[in-house]
Amino acid sequence: MAVIRDVMPAFELFQPASTADALSLLDRYGADAWIFAGGLDSFDWLKDRIKRPRYVVDLGGIAELKGIRERDGGLDIGAMTTLTEVVSHPMVRDRYAILTEAAEAAASPQIRNQGTIGGNLSQDTRCWYYRAGWSCYRAGGNICYADTPDSINREHAILEADRCVAVNPSDTAPALIVLGASMVIRGTSGERVVPAENYFVGPGTDITRMTALQPGELLTAIRIPGDWAGSNFYWEKVRDRQVWDFALVSVASAMTLSGTTIQNMRLVVNGVAARPMRLARVEQYVKGKPRNEATAAAAGDLAVEGAQPLRFNAYKVPLMRNLVKRAIRGVEEWTTS
Amino acid sequence: MDYFLTWGHSPWGQQILTHVSWNLLWASLFAGVAFLVAHASYMVLSAHRKRHPDETDAMEAARPDLPARIPRHSAVARAFHWVMAASMLTLLSTAFLPIAGVKFAWVQWHWMAGLVLTTSILFHVIHASVWLDFWSIWVGPKDIPELRAEILRELGHDVPGPKPGKYPLGNRLYHLALVVVGLSVIASGLTMMVRVRTPLFPRNPYLLSDSTWGVVYVSHGMAGVALVGLVIAHVYFAVRPEKWWITKGMILGWITRRQYLEHHDPQRWVVGQPSHGGTEARS
Numbered sequence: 007m008a009v010i011r012d013v014m015p016a017f018e019l020f021q022p023a024s025t026a027d028a029l030s031l032l033d034r035y036g037a038d039a040w041i042f043a044g045g046l047d048s049f050d051w052l053k054d055r056i057k058r059p060r061y062v063v064d065l066g067g068i069a070e071l072k073g074i075r076e077r078d079g080g081l082d083i084g085a086m087t088t089l090t091e092v093v094s095h096p097m098v099r100d101r102y103a104i105l106t107e108a109a110e111a112a113a114s115p116q117i118r119n120q121g122t123i124g125g126n127l128s129q130d131t132r133c134w135y136y137r138a139g140w141s142c143y144r145a146g147g148n149i150c151y152a153d154t155p156d157s158i159n160r161e162h163a164i165l166e167a168d169r170c171v172a173v174n175p176s177d178t179a180p181a182l183i184v185l186g187a188s189m190v191i192r193g194t195s196g197e198r199v200v201p202a203e204n205y206f207v208g209p210g211t212d213i214t215r216m217t218a219l220q221p222g223e224l225l226t227a228i229r230i231p232g233d234w235a236g237s238n239f240y241w242e243k244v245r246d247r248q249v250w251d252f253a254l255v256s257v258a259s260a261m262t263l264s265g266t267t268i269q270n271m272r273l274v275v276n277g278v279a280a281r282p283m284r285l286a287r288v289e290q291y292v293k294g295k296p297r298n299e300a301t302a303a304a305a306g307d308l309a310v311e312g313a314q315p316l317r318f319n320a321y322k323v324p325l326m327r328n329l330v331k332r333a334i335r336g337v338e339e340w341t342t343s
Numbered sequence: 240m241d242y243f244l245t246w247g248h249s250p251w252g253q254q255i256l257t258h259v260s261w262n263l264l265w266a267s268l269f270a271g272v273a274f275l276v277a278h279a280s281y282m283v284l285s286a287h288r289k290r291h292p293d294e295t296d297a298m299e300a301a302r303p304d305l306p307a308r309i310p311r312h313s314a315v316a317r318a319f320h321w322v323m324a325a326s327m328l329t330l331l332s333t334a335f336l337p338i339a340g341v342k343f344a345w346v347q348w349h350w351m352a353g354l355v356l357t358t359s360i361l362f363h364v365i366h367a368s369v370w371l372d373f374w375s376i377w378v379g380p381k382d383i384p385e386l387r388a389e390i391l392r393e394l395g396h397d398v399p400g401p402k403p404g405k406y407p408l409g410n411r412l413y414h415l416a417l418v419v420v421g422l423s424v425i426a427s428g429l430t431m432m433v434r435v436r437t438p439l440f441p442r443n444p445y446l447l448s449d450s451t452w453g454v455v456y457v458s459h460g461m462a463g464v465a466l467v468g469l470v471i472a473h474v475y476f477a478v479r480p481e482k483w484w485i486t487k488g489m490i491l492g493w494i495t496r497r498q499y500l501e502h503h504d505p506q507r508w509v510v511g512q513p514s515h516g517g518t519e520a521r522s
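As they're listed, the protein sequences go chains A and B. Taking our numbering, I'd label the letters of the first sequence as residues 7 to 343. Taking our numbering, I'd label the letters of the second sequence as residues 240 to 522.
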């Protein structure tokens, strides 16, 4: 594809100073408007000329969308807060260490300085067939180029594939679902708060979107309750290289224990489907069981039930199974006992 | 052209058809509702002829040999009709509600309803060919006098011309439209199932070329949006007061002797009286 990637195409740039102004612009320009947060997803789309918005609304100047504040025993994180700010915030570090780990695992230090948590959550899939601009299902066409007999689909979905096999690339999403976070969404008609696990949508529900954001809406904040603060967390991201890479599979969990018995657990896996998957059946299964190898092994098997690997990603099945096992039994305790 | 069809690009840069434009959905919806409003207005305002009860009384008096209830649809035929209706409504809901903004995981429900529809149609074809009067539902040049008479009656003229056999002309024309559109949507839909994951057979997205797939998708979309208008018209006529006796016949399986004589030509729809005491309609 002959595209001069270092030259930005022309568009009209708006830099509103308030959320209300931004919403007004989105309302005025509708489908022609593009929301620009940290720019790390946007620049690829724009420079490759795959997306050609006429109007770009840069949220960088909206102070009310930035910062981390205490709220009702939990935290409110502005959607435009950078990943570096999330990683370095003492309260996040002390109470929600899993979010620190997840945000710190995203990309590289430079990207975390520029990338926002709202952008990390709302970014589009990295399926290269889709991002190459072909008319696949996700782009409004009628085929998934990643799910043909000779597709290169090592990074694609093993679960919940419904025509499209793209996966969600966010690192912070599984951690926030585990923490029971909610997404605060604003539009011109008002504000709605969506549980994090419902913020992400699979292709069966909407094949052209990855989130519940409707045209003209903005993710303004992420609200984390205090319920799981300080729990026994587990986070692991498996990737091809240890920096600046998306997860092949990642796992996030929060657990409360009574002695060695699992009282309660939230468990989410990403990189295996078009949305981060909360494994409710596994959570239910482990509740009240001892935290040991047998429980972890059975939970791992349960987690991958129904997996349908593609030509090149069968490795994700044992990888997911083992990550779930590790999330349940832990790593350090087990390896030293 | 983009107003009717959507286009994309293959990996080789070729322009390919992808879908019908969903503008056509709104056009079909509008056409269906516009027809409904126009017809309802005409029925309220026009001077279309209503038969005087005395005429029908005389007809009934002349045929005391007929039973009070004339069997019209067998239990099997009614079961087919309602199964087909349920699957059709499921298909239209699962296809178009997501486009209208009601988002849910629709694909599995859609193809399963499609298989139910296909099976019921196959059953209907066999049932109608073997056990029913196959030709009674079809229209052809022989029906032109009846068409003329029906139009004149609708315009308020007293026409002695032919009355329908078992099925009114409107039913037969609707059936014909549904055969064309329904077979198109079924053929294209079954072909499209090769592209989605089902437990029935392995996916094969390479079965057809990109451009041929585009034609299949467009056929499916065209037939689908046409069905929106057709179903609106069907439901409208099913609930109209003067057609309610037909709908009731599809629910209960029979019509009254009076309705039979008033709306049908006994020469074209012969009701016999078999020796075992029951009554059968040659249908």
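Please note that the accuracy of each hint is not assured.
Claimed, not checked - Calculated cross-link-like contacts (lysine to any residue; reagent style SDA-like; alpha-carbon spacing at most 20 Å):
(1) A:Lys57 <-> B:His502
(2) B:Lys487 <-> B:Met323
(3) A:Lys57 <-> B:Met323
(4) A:Lys72 <-> A:Met97
(5) B:Lys342 <-> A:Thr211
(6) B:Lys381 <-> B:Gly252
(7) B:Lys342 <-> A:Asp130
(8) A:Lys293 <-> A:Gln269
(9) B:Lys342 <-> A:Lys72
(10) B:Lys482 <-> B:Leu354
(11) A:Lys57 <-> A:Glu166
(12) A:Lys53 <-> B:Asp296
(13) A:Lys57 <-> A:Thr214
(14) B:Lys482 <-> B:Leu394
(15) B:Lys342 <-> A:Leu219
(16) B:Lys342 <-> A:Glu166
(17) B:Lys342 <-> A:Val199
(18) B:Lys342 <-> A:Ala37
(19) A:Lys295 <-> A:Ser264
(20) A:Lys57 <-> B:Ile376
(21) B:Lys342 <-> A:Lys57
(22) A:Lys53 <-> A:Asp130
(23) A:Lys53 <-> A:Ala37
(24) A:Lys57 <-> B:Gln254
(25) B:Lys342 <-> A:Gln269
To be clear, the hints were calculated from the coordinates, so they are not data collected in a lab.
Now for the hints, and whether the structure bears them out:
1. A:Lys57 <-> B:His502: 61 Å, violated
2. B:Lys487 <-> B:Met323: With Cα atoms ~17 Å apart, Lys487 (chain B) and Met323 (chain B) stay inside 20 Å; holds.
3. A:Lys57 <-> B:Met323: 43 Å, violated
4. A:Lys72 <-> A:Met97: 16 Å, holds
5. B:Lys342 <-> A:Thr211: Judged against 20 Å, a Cα distance of about 5 Å means the pair holds.
6. B:Lys381 <-> B:Gly252: Status violated; Cα separation ~52 Å.
7. B:Lys342 <-> A:Asp130: 19 Å, holds
8. A:Lys293 <-> A:Gln269: 6 Å, holds
9. B:Lys342 <-> A:Lys72: With Cα atoms ~31 Å apart, Lys342 (chain B) and Lys72 (chain A) exceed 20 Å; violated.
10. B:Lys482 <-> B:Leu354: 31 Å, violated
11. A:Lys57 <-> A:Glu166: Cα-Cα ~27 Å, so violated.
12. A:Lys53 <-> B:Asp296: Roughly 81 Å between the alpha carbons, so the hint for Lys53 (chain A) and Asp296 (chain B) is violated.
13. A:Lys57 <-> A:Thr214: OK: Lys57 (chain A) and Thr214 (chain A) at ~13 Å, within 20 Å.
14. B:Lys482 <-> B:Leu394: Between Lys482 (chain B) and Leu394 (chain B) the Cα gap is close to 17 Å, so the pair holds against 20 Å.
15. B:Lys342 <-> A:Leu219: Roughly 12 Å separates the two Cα atoms, so the pair holds.
16. B:Lys342 <-> A:Glu166: This hinted pair holds, its Cα atoms lying about 16 Å apart.
17. B:Lys342 <-> A:Val199: Judged against 20 Å, a Cα distance of about 18 Å means the pair holds.
18. B:Lys342 <-> A:Ala37: Status holds; Cα separation ~19 Å.
19. A:Lys295 <-> A:Ser264: Holds. Lys295 (chain A) to Ser264 (chain A) sits at ~10 Å (cutoff 20 Å).
20. A:Lys57 <-> B:Ile376: Violated - the C-alpha atoms of Ile376 (chain B) and Lys57 (chain A) are around 53 Å apart, more than 20 Å.
21. B:Lys342 <-> A:Lys57: 24 Å, violated
22. A:Lys53 <-> A:Asp130: 15 Å, holds
23. A:Lys53 <-> A:Ala37: Since the Cα atoms of Lys53 (chain A) and Ala37 (chain A) sit roughly 19 Å apart, the hinted pair holds (cutoff 20 Å).
24. A:Lys57 <-> B:Gln254: 18 Å, holds
25. B:Lys342 <-> A:Gln269: It is violated: about 35 Å lies between the C-alpha atoms, which goes past 20 Å.
The structure shown violates the earlier hints numbered 1, 3, 6, 9, 10, 11, 12, 20, 21 and 25.
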